[in-house]
Structure formats: structure tokens, C-alpha cells
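With the hints as constraints, model all of the structure from the sequences given.
Protein chains in written order, with this note's numbering: chain C, 1 to 445; chain E, 1001 to 1949.
By construction, these hints were calculated from the structure, which means they are not laboratory data.
Predicted model, so just to flag it, every value in this text is computed and none were measured.
It is possible that part of the hints are untrue.
Covered stretches of chain C (chain E as the covering partner; in silico rule of three or more C-beta atoms under 8 Å from a C-beta of chain E) [claimed, not checked]:
#1 124–134
#2 214–224
#3 382–396
#4 421–431
Within a straight-line C-alpha distance of at most 25 Å, the following computed DMTMM-like cross-link-like pairs (lysine to aspartate or glutamate) qualify [as the list claims (entries may be wrong)]:
#5 K1929(E) <-> E319(C)
#6 K1696(E) <-> E319(C)
#7 K1696(E) <-> D316(C)
#8 K1929(E) <-> D316(C)
#9 K1708(E) <-> E143(C)
#10 K1188(E) <-> E1352(E)
#11 K1744(E) <-> E330(C)
Virtual Cβ for every residue (Gly too), placed ideally from N, Cα, C.
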Amino acid sequence: MSAPSPENYAVVTREVDTIPIAYPHPVIWAICFGAALVLFTLFLIGVGATFRYGIGMWGNDIPVGWGIAISNYIWFLGIGHAGTLISALLLLTGTSRRNALSRFAEAMTLFAVICAGLYPLIHLGRPWLFYWMAPYPNSMTIEPQFRSPLAWDFFAVLTYLTVSALFWYIGIIPDLAAVRDRARKRWQQVFYGLLSLGWRGSARHWARWDEAYRLTAVIAIPLVVSVHSEISLLFAAGPIPGWTSTVFPPYFVLGAAFSGFAVVSMISVILRHALKLGDLVTERHLDLLGKLLLATGLMTAYGYWSEVFDTLYGGDSQELATLHDRIAGEYAWSYWGALIANFVPLQLLWWKRFRVNPWSLFLIGLAVAIGMWLERYMLLVVTLYRDYLVSSWGHYHPSVWEWMIFVGMIGVFLAPFLLFVRFLPVISAFEVKAAIFKGEEPRHA
Amino acid sequence: MSVTGSDELARILAAEHPALAPALDGVARRSLLKAMAASLALAGLPGCDWRPDDDAMPYVNTPENVQPGRAKWYASAVTLNGIAQPILGKTYTGRPVKLEGNPDHPLTRGAGDVFLQAALLGLYDPERSQAPRHLGRPASWAAFDAAMQANARALDQVQGEGFRLLTGAVTSPTLARQIGDLTRRWPKARWHVLEPTREDQRIAAAQLIFGKSLDLHFQLDQAETIVSFDDDLLGPGPRQGVQARLWAERRRAFQAGQGGSRLLVAEPTPSLTGIRADRRLVASPRAVADLVQALALSLGIHDAPAPTLSATAQEWLGAVSRELSEKRGRSLVSVGPWYPPEVQALGLLINEKIGAFSKTLRLIAPIQALPPDDRSFAALVADMEAGRVNTLAVLDANPVYAAPADLVVRAAMDKVPLRLHAGLYHDETAALCHWNLPLEHDLETWSDARALDGTVSLLQPLVRPFYSVRSRHTLLGNFAGGSPEARTVVQDTWRQTWGSDFDARWRDALYSGFIAGSAEPFVTPTVTNRTVIAPPRPLSQALTLAIRPDPTLWDGRFATNAWLQELPKPITKVTWENVIAVSPALAEANGWKNGDQLRLSLEQRAIQGTAWIVPGQERDTVAVTCGYGRDLESGAGQGGYNAFALTATQEPWHRSGIALQAIGDSETVATTEPVHAMDGFDFVRRVAAPGASVAKESKAESFYPERKPDSPAWGMSIDLDLCIGCNACVTACDAENNVPMVGKDLVAHGRSMHWLRVDHYAEDPDEEPSFAFQPVPCMHCEQAPCEMGCPVNATVHSSDGLNLQVYNRCIGTRTCSAYCPYKVRRFNWFDFTGNDPEPIRAMRNPDVTVRQRGVMEKCTYCVQRIRAARITADIETRDVRDGEVVTACQQACPTQAIVFGNILDPQAAVTQRKANARDYALLEEANTKPRTTYLARIEPLDPVERGEG
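Here is the structure:
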């Protein structure tokens, strides 16, 4: 690929919109996709066994009735936060630097929310009755129990999924039209033609589109906050030491954004490398991600600190016991693991050279993703394995089936994401072009 | 040694079944069993007949017709060690579904234990022997009858020479009469008794000082001070229900300020009695014997040299002497049945000295029928070895498994040409016998048996046998060549006693379940021998082994009973196996941890078992329990080790000279309570005097509006001062509520399904911990977090204050369990009920839903009983009366620690209980406003500790 000429928007188009039509590394892609399908199969096997024999296949017990299914649910949903946050927030504030990142971040959100949404369904004792969570007219005249955080989870996740899908799709329409226009094969023309909804790029189209896009963004922003606040009530509403705390909603939202930015960083680095998008996803973007990561990380750290402070200040013996279990109990590795993985490598991001270096950013992002997984695990398991009554203390060790479903769930995430990378424009080309026109985006010399 | 391999067998076979003999040549028993499997499977249930026996008498209000869905109650009894445990059996259309203690019985007054509750499962047990077998092959009763007739004719010629009958303990007047008839017909025949957990040494002690056998009756309701020298007065066994009830009566009077209730215990390993004690001294078995001797010395009973006692022991003994002198005539000393007759005899003399005779200690003629002279099991084995036994008839005993290890039973069995085994199971003894004859269970048989005080209970069938089985009376007649019908035999006994009044009295006895006025009269004992001195004891300082019956499997007879296998042991909370209990100090010195595999060797024998550290156990005492390590044909009951392998005829319960070593292996133990410390919290609260009140927390504010309770508002009160941790409530709950058993692996995984658990706490220090029990059912919180958490309204509050679980609405999010501060909810991780065998399905309580996979379940306060009472009350247009609803746990509790009722009824027992100053809510700080509350334990300070000593 030749170096782009600063004046030539066609270069951007070529870089982005020709990927779906003539993918640069079909073999590597096929290998990756094959691997994702293998993982996906593992998911099906794990879920199949669970559905066939029951939740007993997992490591759950009494007292730890929830396991990594729920901690993963929160983790995936948290990851899903970054896409919308980056796109919608930056769109509304008119920051065009988001352009290179927004599309795949949104796609990541969409697939992460799907993964997250699957977990609570799989984890049901009788999953075939999941729709009882929904308020639908029924002969029993029973509605969901609206005091339950789970009922609101159901609405929250569903709403979030709908809005992020809409937001992502509206955003991609102009680029789909660009791909359609360059498609040579018949099936590509039909496929992209249908998806682009007859987009012709008229001024009226652009005006309507802009309205719709901004409106959806306005809806999406509060959702980012509300969804994870709501999810946090899953824990905070339970009168169990270690959970019942008012710090949970902001703590969860910040943690979610933190883990989301971490995963966006990782994906940016990978895509930038794999699709040779260095001209579009520039060091400035990496720098921005690094700063966001650092900022949300520090806010999350504040959440950690305030939780410990609350416990010590409150002085409740049960809460203190839970704090002790976190720091020195059977699962102390998850607390210290979370603390170290989340916040120690993060400190490197104070220096610009670590922010703009793809490798350091990737590794720090990975550390944070792992750290946040450990944090979710810690919040769930450490609280439940020893709650009030000593006589009911127990243990929790995820079974091989739960690990299988977790690994498989990564396949559930990767398989559609790879399809997206292969068949859809991964970067918002028209927005980049608009930015170049306005002179906001640097011209690639 | 297999049956088929013996020469005697070939001889018998050739004589009786010439056609079979060649086919059996060279056929091992294993391959025979394989061949049998299919035919046995087919011979199982098609023969079922669920109709009730036409002639059985319902307990009350015979309905005009059998109404499906309406229960009938029959009074009967089940037996433990031959002793009657009177019951009322609830049956639906001929199927017994629940047993309860008979509240009208003059002695037990409804008190029962885990074995009584679990007998129901014993009836339906799919592991039971279901048809007769000869040489391991299915056989017909006709063939058996023919063989017996021929054998009887031969025995008639020689006056029964060589015929030996071996039974368990017999209290049945009918069986005793039959055995008497048999020995009159065959004067040279002999009857032997083997009851592994019989109190032989206690009988011998009475013999020693009274010159005759007498049974001891502890009048615990009269005893304000009880001193137990390692006697588990409140512990498992046939005495538990009665003694716990009597003790609780005294305790309740004490709570009301009438007299004292002190319990002083010296024991090597924690027992239910020790845990309930006001002062518990940890003492080795040797030290316990010394203490008895020292107390006797201080009372001037003998003048042997004083044994040396430790400082703590002396202090304890000082307190004992003081209390005994203060409470003369109102105190009682008991010495455990594990101790040599001389030590127990000293205990009796102490009782004489403190004026206990005829007050707190009563004596009656023995209720057991005993062979006239030395017909011990040891004598039988000697005769068998000497070839003096031609026919051995084993009736409901299992010598091959349970005999003391110094008797070589297996080899001796081989020398008996004809061996008959009648039992409920195809057990270790059955495997060595020619004929295996399945017995009727107590709940499907006609018989009689005596309760502890001698009151005779009639056993009437609650259901017709659904296997091809015979009663013990019929079988005993069969052995002598006859074929009597069980009911006729039992009726004959009482016809002889009652004469012309028979019909009316028979019917009365069937109605009430016992024969009124048949108790043995108290006798005033005359001490004929006062020169008793405890035998010199070995001076070895090494480890002592204490062997005890198992609190859940007893002597192993319940090994196939899943309710008892999965019932957590009261103190260790271990299920599905027996452990080797070691003291914390010994474990630390050797580096053992819970779960380590130990090899316990004694003389030439050894067992391998799992180490379990028991706080409060004497340093150098190792405690084991009997009943495990079974070798049943079905493979059931294999967990744990067989402690009978360590017993000896002369020293059945305490052995010295043991060696214990780790074999470097560790295994997971299925315990329902891994941690027993209270960790500084106040789950179990204590007060120092009956009237004292517990510290209450200030009322916490709640976001939620106060719920205004409607009447009735159901609530429960559990008196921790009365709870002895016996587990009867747990088993009763299992039976009433169709609670599934899940097996060892799932229990170890934290998935036990008991709706009610009895938490056991042992607070530091390890050597002398402070113990407590706390039964924890669902609290039925008024502000229930579970109800808030459920997204689909599957757990909701009823207008009468119940926290309901709607199984068919539950989708299994498990939020309710995560939010439950008490962790009383249980989840159906798998399909626990779908694969139940047919008999287990028949046993289920039809009033209680059987839960599906994937739904949550928990204690319902026995909502089915509440609704039944309300329907009755509605029909009669009145309110439900206090005491009309009795939950299963409440009914089973021998000490009446559990009270249930309408807390808005000021007259109700539960309301009065909750008005007590000792009333407190568990985890009050969680602000859940539980309807189940507790009364604090009363632990008065010792006079010495009060500074008055």
C-alpha cells in the first residue's frame, strides 16, 4: 500500500473501504476465524452439558450460589461500556479524534454486551423459562418483581443492547454505501446494497442521518451510566457484608469504563497492526486511549480506597471480617491480583512514551482486563464464601465446564468481531475524511 | 470362604437337591450372583400390594371409607436394640409416609429420635432383601418350608441337639414365649444373643451389687444435679428420646425458677451430654474410672488407696461433692455403660449413698428376655468351632460383621453344616449362610416389643409387605418345622395373658399402640454386696481407644439408610463415613490435619480411617464409632471403617495399646459445617441466670414500610437452652418434606439439601471449648431480602407471615440464596428426584411437592400442615387453635425446644416464649425481622466461680 497523499481522500477510502472487498490477509483471518469457531464450539458443548444436566455441572454451591457466570457477566458488560462511551460522548462534545476508534469500539461493545447478556440466561436453573423476566401479557397475570435488581438487569441489558446496536448501525451506513459502490462481485453488491439502505449521500440524507446519529448518542450516554449502576445493585441490594454499600454504582461504572478502555486499547493495537492502519489509528489516538485508561483507572482506584475507608470507618465487625477475607482469606490472590494488575502497570501511562508505544499500551490493557476480571471475581466470591454465619462458610472452585463456557464465550465474542473486521468497514472513513477537510485531522505527510 | 466351595454344602445339596449339585460344581459365588441379578430385578416390585392390612386398626376416627388424600394414622412401634419406640404412622391410601412418636405413650409421650424418624426409609429401602434365597439363588418359601420340616424331624430325634438360635436383643414377649416353647420342645437346643451395643456391663454391675439383673431408670426429671461419668444420657440410642424428655422437664422447671438443673460431666470425647453440661471435665477413660473411685472414697464407700487426680479433676470433683451433698435425694450419678462392671457398681453404691435410689434412680426387672445361663455369643462360637452345632439359625443378627474381633466367626461358621439367616438385608452373615430369609420390617409386621419401662407396644402393619418376606415369629416357627401366622402367634401370647377379655383389650391396644399398665413395677433394691473396688488398671500412658456406637448408623444396621448416612453427625457434622476423632493437641503433635488417612492398629488388626480433629477431646484418647465399613452385596454402606474389628469380648468399648500413624494420604470428607468456631460473633447468646435478659440491639431503621401482620402470624421460637443437638428435627424434616439426599460427593461440594440444619459451635480454647447447638430453619423474615431479590415473584410473603417459595414459578437465579443472611436456601443443582426408585416414590409425602431440577427450596414452616389446619378450622368456622399446627421438627423434638404458633395470639405458647427475656433474633443487625427467634442458653456460673465456694 502506497503512502497516502494528503490531498487524496481516496486513500482513506482505499485503506478502509476496500478491506471488506479484498481483505488483505485472508489466510491469517481464516486461521483466526477458525480458532474463534473452535472456541465457539466449546461454548456450545459447555452450555449443552449445563442445559442437559443442570447447574450442578458447575462449581457453584451454597453459600456461593453465583460463580464466574455472574462475575463474567459484569466483566463483559463493563468491557461493553467503552465503545459507547468513546463514540457517543466524544461525538456530542464534537471531538473528532474519536473517529478512528469509534467504529470498532462500538462493534466491540455490541459483541461484549451479547456475551454479557447470554451469561445470566445460561446461569438460570431453568433457562427455558428466561422470558418470565420480561413483562409480557400472560394468563397468570404475573409481572416481574420490580424491586429486584435482576428484573432491572433484564431491562437494562436489553435496552443497552438495542441502543448500541442502533448507534453502531446508524454510524456505519455511509461507509457501507461506499463499500457497495466499490463492490465488483454480485453478492457483495447485493449484500452491501441491502445493508446501506439506499444511501446516496444526498444533503438531505446527511442532514437526517446527523440528526438520528446525535439523537441516539444522547440516548446512549445516560445508558452507559445507568446500566452499570444498575448491575452494581445486583450486589449492593443484597444485605450481605461486602456488598451492601452505596459506593457500588459509581465504583462499577468507573470500573466498567476502565476495563472497556483497556480492551479498546488492546483491539486498537491489534487492528492497527493487522490491517496496517497506522496512518489512521495514529499515535495521537493511542495517546488519547492511554490518558483515558489512566484517568478511569485512577478513579477506580479511588473506589477501592473509599470502600476500604468506609469499612474501617464504619467499624462493623461483619464488614471488617469481609475486608479481612479479601486481604488475607482463601481468595486473597484475587484481591491482590486485581490491585496489582489494575494499578501497578497503569502508572507507566504517566509517561507519554508508554502511552504511544503500541506494545506497552497493549500489555497494560491486558493487565487491566485481567485485573478487572479478578476484581469482579473477588467481589462476588469473597463476599459469598464467608457471609454472616460461620457455620455456612464454604468454598467455590469453578468447574471445567465453567471454564469451558468462559473460554467459549471469548469465541462468541471473537467470531462475530472477526466477521465484522472481515466484511464491514472497521473505521469510520467518512468521518475521518470530514475531519481532514476541516483540518482537524492531521494530514498524513 | 464361599458357600459354594464348602464340602458341607455339597453334602447338603446332594441330599436335598440332587438335581442341582452337579451344576454348582466349580461355580464361584460371584458368578452365581451375576446370574441372579436379572431374575432378582424381575422379582422385585411387580408383587407390590399397597393396600393396608384389612385387620389393622386405625388410631382415631376411622373414616367411613378410605378417602384418598386423607391420612390415616396407625399406632405401632419400631424397635432399636429390641426396645420399642412407640409411633404413630401416617398413611395415605395404605402407604406409610411419616412416623411420629406416640404422644399418648406413658413413657415416651411422643419423644423420639433420628432412628425412629428414619425407620420409614428402612421400610421402603430398595436395598432390602426381597425374596428368599438358597445357596445364593432365588428360592421359594415352599422349598424352605420343606427343608425345615425335614430338618425339624431330624432334630426331634435328638431333642434339638446341635440346634442353635442366635438373635439380637429380645424384648418381645411373643418372641420370648416362642423361644421358650422351642427350648421346651428341644431341650438340648440353645439360644444365644448378640446385640453389639447392648449394655452388658451395666447389667453385670447390677448383678454384682444386687445379686440379680436389674435395669436402671434414670429419673432425670427429678434430678436437680446430674453427675455423668462419661454416660451419654442425652446421646443416641434407645434411651435418648425418653431421657431427653425427662431432662427437659427438669430444665423447664429450672427455667421457671423451680429448683436447679445442673449437669456435671467428665468424659474423654465430646458427647451430646457433655455439650449440654454446666461443667465439663475432659478426662481420659482411665481418669473417669479414677474419678468414680475417688468420689466413692470421699463418700466412704471403700477404703482403697486414693487414685492420683490432676488439679482440674480435683477441682471438678470438689464441685461434684459439694453439689451432691447440697442436693441429697435430688441428685443422680451415672457411670457410662462403657466402663467395667466394678466401676459402674461403684456408681450404684454412690447413688445409694446420696439417696438416689427410688428417687432419681429407679430399678425394674430387666425388660429384655435373656437366655437362662451362659449363652453368650462367645460360648456359641466356641461350640461352633468344636463342631457341636449342626443348625445355626440367625434371626436378625449380624455376627460376621459385628462380633468382637477376638472371635473367629467366619471360620467357626464353616464348621456348621446348616446355616440359616433371617434378616432385612443380604448382609455379611447372609453371604455365609445357606438360606437367606428376608424379614418383615417393623412397619409391616405383627409383633410386640417393650419400651424402656417395660410397657408393651403392639407392632401392627401399616402396610402389607411388598416384598416376599416373613415375620420373625413365622420364621422362628418355620425353624421348628411349623408355619404359624404372625398375628395369630402374637394374639396367642396375649390371649393367654388376658383370658376372656381378649378381644376388647386387643382392640384397645391396637388403637392406643401400647398395652396400658404393662410397665414393669419399680423394685426397691437391696444391696447384697458392698465390697466393690474398681479393678487395677493398666499403667500404660499410651493412647486409649474409645469405641462408641455411631450417632447416625448406630451399630451399622442403618448403613443403607440414606437419611441417616447423610445426616450430619451431631458434633463433627461429617456425613457418609465415620472418622477417627483425635484431639487438637495430638493432631498438632503429629502434624495431622482433617482428612489425613490414618492407620489404627491394635494387636494384629488394623483399620484405616480419616483423621478428624475434635475440640474438647482428651489429649490421648482416640475415638471411633461402629457401624461403617459394611460389606453388603449391593455395595451400600462401604464408607468408613469397621470399628468392630478393634473390639474384644472382654473390652468392648475401651482399648489400650493402639498405634496410630498417618499413611501419607488425604481424602475429602463430606462435612456440612467446615468451621465450628463462632469467630467472636454472638450467634448463640448466653445468659447467666434463668431470668436474665439478653443484650438487645437498638432498633434499626428500615427503608421499607412496616408490614402490619394479619392474624394468624406464624412464628417459631427455639430454646437453645433445651436443644441437645440430637438431629431428630432434621430427619423429621427430611421425611415430612421429601427432602432429597444427594450423596457424599455433593455434600462435600456444599450441596446438601437439608432444610433444617443444626449448627454446632465450639469456641476456643481447643482443650476446653464452650459448645453450643443452634438449629437453623428458614427465619421467615418479615423484611426478607430473598423476596426483594427474586425477579419473578417466586418467593413471596403470605398474609399469615410465611416466606413462601413457589417452585413452579422459580427460574433458578439463586439471588434469594445469595441475599439470604442465614443461608438456609437449598438449590436443586441436578435432577435429584427423577431417578428415584419406585419404592422411594411411594414413600413421598403427597402433601409436599417434589421439586424439579433448577429450582430453589427451603423450609416452609410445614405449610402443608398449616393449610390442613386452616381448612379444618374454616370448615368449623373458627380460628386455628394454638397447638393445632405442629411442624415436623417441633413434633420430633424430644425436649420440646421448638415451639410454633400464632405470635399475635397472646395466649399462644409461642407468644409467651417470645416474651421471655432470653428471646433474641439471629443476626438482628441484618434488620430482617425474623419470625424464628431463639432463647439464649442459660449458663449459670459455678458456685466457685461466683465466689461462694
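How the hints compare with the structure:
Residue count for the stretch 124–134 of chain C with a Cβ under 8 Å from a Cβ of chain E: 8. That meets the three needed, and the coverage hint holds. Requiring three or more residues with a Cβ within less than 8 Å of a Cβ of chain E, the coverage given for the stretch 214–224 of chain C is violated, as only 0 such residues are present. Under the rule that three or more residues need a Cβ within less than 8 Å of chain E, the assignment of the stretch 382–396 of chain C holds, with 10 such residues. As drawn, the stretch 421–431 of chain C meets chain E at 0 residues by the rule of a beta-carbon pair under 8 Å; below three, the given contact is violated.
Distance hint between K1929(E) and E319(C) is fulfilled; the C-alpha atoms sit about 20 Å from each other, no more than 25 Å. As the CA atoms of K1696(E) and E319(C) are separated by approximately 20 Å, the hinted pair is consistent with the 25 Å bound. The straight-line distance between the Cα atoms of K1696(E) and D316(C) is roughly 17 Å, inside the 25 Å bound, and the hint therefore holds. Using a Cα cut-off of 25 Å, the hinted pair K1929(E) and D316(C) holds, with the two alpha carbons roughly 19 Å apart.
Distance restraint check for K1708(E) and E143(C): the Cα-Cα separation of roughly 24 Å lies within the 25 Å cut-off, and the hinted pair is therefore satisfied. For the proposed pair K1188(E) and E1352(E), the alpha carbon gap of about 41 Å is over 25 Å, so the pair is violated. At roughly 24 Å between alpha-carbon atoms, K1744(E) and E330(C) fall within 25 Å of each other, so this suggested pair holds.
In summary, the numbered hints that this structure violates are 2, 4 and 10.
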